[in-house]
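We have chain A already, so just place chain B on it with the hints.
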Amino acid sequence: MLKLVHSSRPSSMPQRTPWAEASDRDLLMAVRDGSEAALDELIGRKTKPLLQLCQRILGDVEEARDVVQVTFFKVWENRHKFDQRWSPNTWIYRIASNLAIDHLRSRKSRERSHEPVRQHLRQILGSAAENDMSRLHHGEVAAIFRELSAGLSEKQRMAFLLREIEGLSSQEVAEILSCRESTVRNHLFNARRHLRRELVRRYPEYAAGFGSDGPEEAL
Amino acid sequence: MSCPDWTALAAHRHDRRGVEPDGWQTALEHFDSCPACRREALAADPTLLFRRLPEIARTPDDEEAEVHSMRQAVAAMRSASRIEASQRSFAGWRRWAAAAVLALAALSLGRDGGPTLDRAEAVATSSVPELGGQPVSGPKPPLHEGLDLPDARVYQVDDEEFRVLMVYDESFETLLDV
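As they're listed, the protein sequences go chains A and B.
With positions in the first sequence counted from 1, the corresponding number in our numbering is that position plus 173.
With positions in the second sequence counted from 1, the corresponding number in our numbering is that position plus 20.
Warning: the hint list may mix true and false statements.
[Stated by the list, open to error] Reference excerpt, derived from the structure (chain A facing chain B, CB under 10 Å, subset only): (1) Glu209; (2) Phe246; (3) Trp249; (4) Glu250; (5) Phe318; (6) Ser322; (7) Gly340; (8) Ser343; (9) Arg365.
[Unchecked claim] Restraint ranges, calculated between C-beta atoms of paired labels, are given here: (10) B/Asp25 - A/His253: 49 to 59 Å; (11) A/Glu339 - B/Arg78: 16 to 26 Å; (12) A/Pro377 - B/Asp25: 22 to 32 Å; (13) A/Arg374 - B/Ala105: 48 to 58 Å; (14) A/Asp197 - B/Ala118: 43 to 53 Å; (15) B/Ala105 - A/Val373: 51 to 61 Å; (16) B/Glu49 - A/Glu354: 21 to 31 Å; (17) B/Asp52 - A/Ala210: 29 to 39 Å; (18) A/Arg374 - B/Ser53: 27 to 37 Å; (19) A/Ala210 - B/Pro80: 19 to 29 Å; (20) A/Asp199 - B/Ser106: 28 to 38 Å; (21) B/Ser22 - A/Asp256: 38 to 48 Å.
In short, the hints are calculated from the structure, not lab data.
Ideal Cβ placement from N, Cα and C applies to all residues, glycine included.
Next comes chain A alone, as it looks inside the complex (with noise of 0.2 Å):
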């Protein structure tokens, strides 16, 4: 994988581009003419979106940084197999989510236990107020996420993921997975029963509903 070594950082004020105004679809067009600038645009709009969604799938940010690098970078190469009918997004997302698939795949021989995880949930955890759901960020959830989706195919995991918490259609869903809807659905069924299992056999307090302390910074 290339690594940046070095970035100067940019100039304060972000300059707006020719394509600022330009539509997803707009710009893939000119990407698909060889239009570097367009590439930078597109960049600039997709970047913390891809970033989110493989952060999430992959559970590391670095490694997020990779896939979505390499997405833009297949964006360019493959630009001309872009067709306008397309819709962009769902082309990226395609893109972007393939290779965190085979991300996910050559990591899982590498995929150390999660007990660790678990203890370190549990020692934070237990040394506050019992199920004070204010104790528990972000991080943590991202953790127990890490933990129990281990547990689900690639593509149950994708589908959860792009479904229950990117918001996306079933049908967005299933072009991005290159199925079909009832696929995906059947994906998001065995997808949430494992999850809802696991949870309940590993984090009952979680699934208990949690304590009702500080419910405004809970959730």
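Positioned in the frame of chain A, the structure of chain B alone reads:
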């Protein structure tokens, strides 16, 4: 809006193989903004916990720096890809050149009944290359540069109007590697 019936909604999600109940999106929006019914909602469907998965919250400056780094990294990957492509093209040219040498050697075989080939040792030790095992007669041609390449091969192809001399040695391959 009053709090939704989470038990009924969750039961629907558990039983209908992934099909979401009517009003589910509205219920989720309610869930995000109403602490009062969260406990009930999580008890009914614990997977709602994962709505708290982290979002990337950065300052505009951080975001701009992230985008800037991403652009640079992608540009570097594209440059690396271009260089690799040109190397592939160069390697193709080298194969073509090697094929040309072989073709010329074959041509020489057909014409003279045998290869006009010698070891470059002769070139290195003598100021005049001996080709085809026979010394070149007449005045010695000028030697521009000696060769110390014991495994080099020298090919000569004579035609009516011109003579082609080719020197081949494996070490040239490394010289061509960029």
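Status of each hint after checking the structure:
Because the beta carbon of A/Glu209 sits about 8 Å from the nearest beta carbon in chain B, less than 10 Å, this interface hint is met. The criterion of a C-beta within 10 Å of any C-beta in chain B is met by A/Phe246, whose closest approach is roughly 4 Å, and the hint holds. The criterion of a C-beta within 10 Å of any C-beta in chain B is met by A/Trp249, whose closest approach is roughly 6 Å, and the hint holds. Taken as an interface hint, A/Glu250 checks out: its beta carbon lies about 7 Å from the nearest beta carbon of chain B, inside 10 Å.
The interface hint given for A/Phe318 is met, as the beta carbon of that residue sits about 5 Å from the closest beta carbon of chain B, less than 10 Å. A distance limit of 10 Å between C-beta atoms decides the matter here; for A/Ser322 the minimum to chain B is near 9 Å, and the interface restraint holds. Among the interface hints, the one on A/Gly340 holds; its C-beta lies about 8 Å from the nearest C-beta in chain B, closer than the 10 Å criterion. Among the interface hints, the one on A/Ser343 holds; its C-beta lies about 8 Å from the nearest C-beta in chain B, closer than the 10 Å criterion.
Given hint, A/Arg365 at the interface with chain B, holds; its Cβ is 5 Å from that chain's nearest Cβ, closer than 10 Å. Distance hint check: the CB atoms of B/Asp25 and A/His253 are about 52 Å apart, consistent with the given range 49 to 59 Å. A/Glu339 and B/Arg78 have their C-beta atoms about 18 Å apart, which keeps the hinted 16 to 26 Å range intact. In this structure the hint that A/Pro377 and B/Asp25 lie 22 to 32 Å apart at CB holds, the actual value being about 23 Å.
Our hint of 48 to 58 Å for A/Arg374 and B/Ala105 holds, since their Cβ atoms are close to 52 Å apart. Judged by the Cβ atoms, the range 43 to 53 Å given for A/Asp197 and B/Ala118 holds: they are separated by roughly 48 Å. For the pair B/Ala105 and A/Val373, the beta carbons lie near 54 Å from each other, so the given range of 51 to 61 Å is met. Between B/Glu49 and A/Glu354 the C-beta distance comes to about 23 Å, which sits within the given range of 21 to 31 Å.
Distance hint check: the CB atoms of B/Asp52 and A/Ala210 are about 38 Å apart, consistent with the given range 29 to 39 Å. Under the hint 27 to 37 Å, the C-beta atoms of A/Arg374 and B/Ser53, about 30 Å apart, fit the expected range. Taken as a hint, the range 19 to 29 Å holds for the pair A/Ala210 and B/Pro80, whose Cβ atoms sit roughly 21 Å apart. A beta carbon spacing of about 31 Å between A/Asp199 and B/Ser106 agrees with the range 28 to 38 Å that was offered as a hint.
For B/Ser22 and A/Asp256, the Cβ-Cβ distance of about 46 Å falls inside the hinted range of 38 to 48 Å, so the restraint holds.
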